[in-house]
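Engineer: Below, each chain spelled out in residue letters.
There are 2 protein chains.
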Amino acid sequence: MVKVLFKSHEKEVYCKEGDLLLDVARAADIFIDAPCNGNVSCGKCKVKLLSGKVDTEKTRHISQDEIKQGYILACNSRVVSDIEIEVPSKLSSSMHGMKIEGVGKEKDEAIFNRAKKIADTNGLKFCTNIRKKYIELSEPTLDDNISDVDRIQRYVRNNLGYNEVDFRLDVLRKIPKLMRKNNFRVTLTYIQKKNKLTIIDIESGDTGQSLYGVAIDIGTTSVVVCLVDLINQKLIDKASSGNAQIKYGADVINRIVFASKKDGLEVLHRAIIHETINPLLQSIYEKNNISKDNIISVVVSANTTMASLFLGVYTDYLRREPYIPPFMKSPKLVGEDIELDVNPSASVYLAPNVASYVGGDITAGVLSAGIWASEENVLFIDLGTNGEIVFGNKDFMMSCACSAGPAFEGGGIRCGMRASFGAIEKVTINPETLVPTLGIIGDCDPVGICGSGIIDLICQMILNGIIDRRGKIQKDLDCNRIRFDEHGIGEYILAFKDEYNLENDITVNEVDIDNFIRAKGAIYSGASVLLQSLGMDFTVLDKVYIAGGIGNSLNIENAITIGLLPDVDRDKFQYIGNSSLVGSYLALISRSAKNKLEEIANQMTYVELSVYPGYMDEFVSACFIPHTNIEDFPSIKAVLNI
Amino acid sequence: MVKVLFKSHEKEVYCKEGDLLLDVARAADIFIDAPCNGNVSCGKCKVKLLSGKVDTEKTRHISQDEIKQGYILACNSRVVSDIEIEVPSKLSSSMHGMKIEGVGKEKDEAIFNRAKKIADTNGLKFCTNIRKKYIELSEPTLDDNISDVDRIQRYVRNNLGYNEVDFRLDVLRKIPKLMRKNNFRVTLTYIQKKNKLTIIDIESGDTGQSLYGVAIDIGTTSVVVCLVDLINQKLIDKASSGNAQIKYGADVINRIVFASKKDGLEVLHRAIIHETINPLLQSIYEKNNISKDNIISVVVSANTTMASLFLGVYTDYLRREPYIPPFMKSPKLVGEDIELDVNPSASVYLAPNVASYVGGDITAGVLSAGIWASEENVLFIDLGTNGEIVFGNKDFMMSCACSAGPAFEGGGIRCGMRASFGAIEKVTINPETLVPTLGIIGDCDPVGICGSGIIDLICQMILNGIIDRRGKIQKDLDCNRIRFDEHGIGEYILAFKDEYNLENDITVNEVDIDNFIRAKGAIYSGASVLLQSLGMDFTVLDKVYIAGGIGNSLNIENAITIGLLPDVDRDKFQYIGNSSLVGSYLALISRSAKNKLEEIANQMTYVELSVYPGYMDEFVSACFIPHTNIEDFPSIKAVLNI
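Quick mapping for you: the protein sequence lines, in order, are chains R and H. Using this note's numbering, read the first sequence as starting at 1 and increasing by one per residue. Using this note's numbering, read the second sequence as starting at 1 and increasing by one per residue.
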């Protein structure tokens, strides 16, 4: 056994000689960002070896200078002696400081109310089949000595008119003591369905006003939980955090690969339930002084992979042709089945999936966006860790998924990061000096750059002639912000380490730009092909809804300039926030919204881009700024003077 | 901390100074028979202190001689130093050697077939709603890329005609890998109900012939498990053992008291599931080479207390006036809910209860006895740890429970024991010498006397003039088998310690006889009052069925002689074995038998003896041999020459 001291965390653990440092850190519950999950491809798991020896290999992610300083990658270093390690604090804490869109309560309410209004005007009723009722039972006597359960059933039959009265074991276990706590005065929580009534909870005394539900949006990157009062349908509180699965891979493909390894599925299932959702629920209960037993309904929206891992279902066939999801509609579930910190009998409903890469988050998003009721043609783009696109109106809906990868959340970019504290989210470049002005989340020293920042940066670079339309940096610019390495690869310096208190300069190079161009090309060409498959083009669009975490600081004009979004009237664009979460909120407060979700999933046509004829050509054409065919971007053509 | 060495078990454990020796033994998993559960009232938990010191109190259960030898009661001795203890081996192993009725397979089959025949001739159909079906699914392609679950549902809709196809989470978790194991050829196990089909298991390949269920009879004293082939309804195997709850109390009242203590309910729930039933199931699976996943239906019969503890439901109100059971009909359950070692989705059905002391074991017994279809008047007596009585025919049924206590299983008798190896089960007494001849279970040295032995003994004592009709031993008999202590209490010596290899004589004294007379009086008067409540008497009886563990070696003539059973034609009596087990077997193989069970429970009237006017007088009159009113026992009157 050898000893590993994580000096930054003041934590000392023991491991076997030869253990991978990344695994040791994970076992010690020390978060090291490793989006590529140990494939030595992203270079994000850089840590500093302070003393001792590791067995490591050279990698392009560590410069000569960094080698001297002791930097290694945790994912390709094996511990061979007692060592001391420093995990860069900004990286290790990036998950906790993650910025989640719509944190302001007013803004939240506006978004939720907008969706409610759409639902309301289109005939969805705001009621559920869950009820609470305070009842006063007669006390048992020798002459009236039916069982406790029969006493309740008799009351229900005689007073509520249900002949079939069901209940679950955990309710039965509560009944005897609880009925007698307050002289046989109890409150029943029950679900009505046809002629059957299912009792899902029993409480002492009158608790008829405590009826809550939670809407949960499980993103690949972040998870949001909303506490909702089911009596008045009000949003009470919201809590969010990073998805604790992140340490096992940044995107769904890496998670699926990890889940296919020994115990991997169980590890990821536990990570989402016990390390992400349950702590969020606990914090929200404590803050609002609510018992978990009063949470009697849960609606979850998630992409197909996240939904499967949430249920502990094997995911490997999602990533293998012909890309088969395990399920579209989940089975009937209660909280206890997956150890969710809610009432054990609470119903847990998952928004139905459409395909392997168009999941319940998209059906929920479409529900809240109201596309199903829209007379106008709507293009819906969810820019998260995945890129999903829906096009349609009240008569039809088409969907596709783009392999955009995690670029919009900083993946595949050397200095890229998620939209958390220290991320450069806005960039402008002075046309004279080519010096940038940065907007940084948290107004602190910059740590890296996030998706919206990269969009701004690339836009500013092309507008100021720093890059050409292929993303190549011009060689004849006389500016200290631009430099080329020994292989001739150019980079632009966003922040010199001396300007701030940094260990290294923050730069974006041609490889990063190329990665990002391919990501934006995937989205644009996906949307384009989706319309083509109907014999249409972008001129038919009446509305373009942008949803997802990326959207928050997204500059629409810049996004059109680089060719991520189509060049249509700017007032057609609308940012609709976390539409997936809003959709699960609607399904939580409305039975007819749940039914609508099922309808949406059934009606939506899925186009598998990877086998769609002509998609590759479209994609290649879109890997250009803004596009190979500049005529598709008339307003940009003028600006760029082409 | 002090050290306790259980020398007999070669087991050494540590405990706190002042800990009760009985608790220390239980924590160490060493079985010490303690039927009264530590009330210092039965004297059964006698152990020998070999060295060290305990803090104990004098008790009538330990003689002066035994004190000298180091005997103490585990239930009133606290450990105050390191000690060495010897647990008498015969006591500690009595549970394992317990004799269960009907062990012979032929005898079993005869009993089961008799019940099947009754059911068959009375219109019960032998089929269930559980099916298996081998199906060959088409393999997914890019053009046919519906989810795995949808693929199965589509097949079921198109080929089996069910529109609603449900499945449980544990089945969903199996689906993706399992479907691909054998090229999408799988066997479904499902339950049909109205228009709905619920898939409860999926297996690779064709396993259509492996469909099993288990019938479980949970007695207060012993537990029996039957493995049944659900395709041909054959009884495959049977296993039985003592109920591991015994160490926490011999009868239901002591169990209820224990269950009301801190953690007591959980301890008893675990004892029945994890220490009794699951080990029995495991042994039966191993022996018959069957996977637990192939057990897809379970039927359990148990008295109301045992059924509640089986489900982990609080029982304390069962023993408090007005004696309210928590439930009659259990909720819908699957194996996973109570961690039963069967398929997690297997349905678990409990025979419904009628009252606090007439449980599912009695409804199941009545089902198998066929009273519900009988033209004749049947008296049904279950002589187990409790005494339950049913009287009726196809038109009506009445039931009651007698507080007979555990006397029929050796409780309340100083040398009493359950019907396990070493128990004296038959006794005859030579009229000349008054010397007994003993029938001993296992043909070994005697350890104690069981219920049927006591019946024989008391009968022989009255026939030979050793006792009078009040159970008092005659003083003027010149025989070394009879002696009186300093208080004048007489005892009869069944076995001198020198005759066998015993530590003490085996005797039955006047206090024991008195206890037993009260138990038999409770049964007789219960039956009598039950008939009186209908304005009838024993002359209306066409049949008397004796069921339960006691029945096996029961001598009917002797039982009538002492006034346990009514003095009616001997050929009206029939021993029907473990009728509760047979009833749950019927419900396992027949849906209509299950429905019949519900009907029986609904129709049966319960008479609460403890508040029935005149019951106490009847009971007092019956506490006499055979009865105060000898005219009710004409044939005995002649024999006894009264």
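Honestly, I wouldn't trust all of these hints.
Note: identical chains are not told apart, hence a pair may lie in one copy or across any two.
[As the list claims (entries may be wrong)] In the EDC-like style, the derived pairs of lysine to aspartate or glutamate whose C-alpha atoms are separated by at most 16 Å in a straight line are:
no.	residue 1	residue 2
1	K262	D206
2	K329	D19
3	K68	D569
4	K637	D569
5	K3	E84
6	K543	D29
7	K177	D316
8	K394	E598
9	K133	D632
10	K177	D263
11	K174	E266
12	K497	D617
Quick caveat, the hints were computed from the structure, so don't treat them as lab data.
Engineer: All the hints need checking, so say for each whether the structure fits it.
Structural biologist: Quick rundown of the hints versus the structure:
no.	hint	verdict
1	K262 x D206	neither (49 Å within a copy, 28 Å between copies)
2	K329 x D19	neither (41 Å within a copy, 56 Å between copies)
3	K68 x D569	neither (53 Å within a copy, 105 Å between copies)
4	K637 x D569	within (15 Å within a copy, 112 Å between copies)
5	K3 x E84	within (8 Å within a copy, 45 Å between copies)
6	K543 x D29	neither (45 Å within a copy, 72 Å between copies)
7	K177 x D316	between (47 Å within a copy, 9 Å between copies)
8	K394 x E598	within (15 Å within a copy, 51 Å between copies)
9	K133 x D632	neither (61 Å within a copy, 57 Å between copies)
10	K177 x D263	between (41 Å within a copy, 15 Å between copies)
11	K174 x E266	between (31 Å within a copy, 14 Å between copies)
12	K497 x D617	neither (41 Å within a copy, 101 Å between copies)
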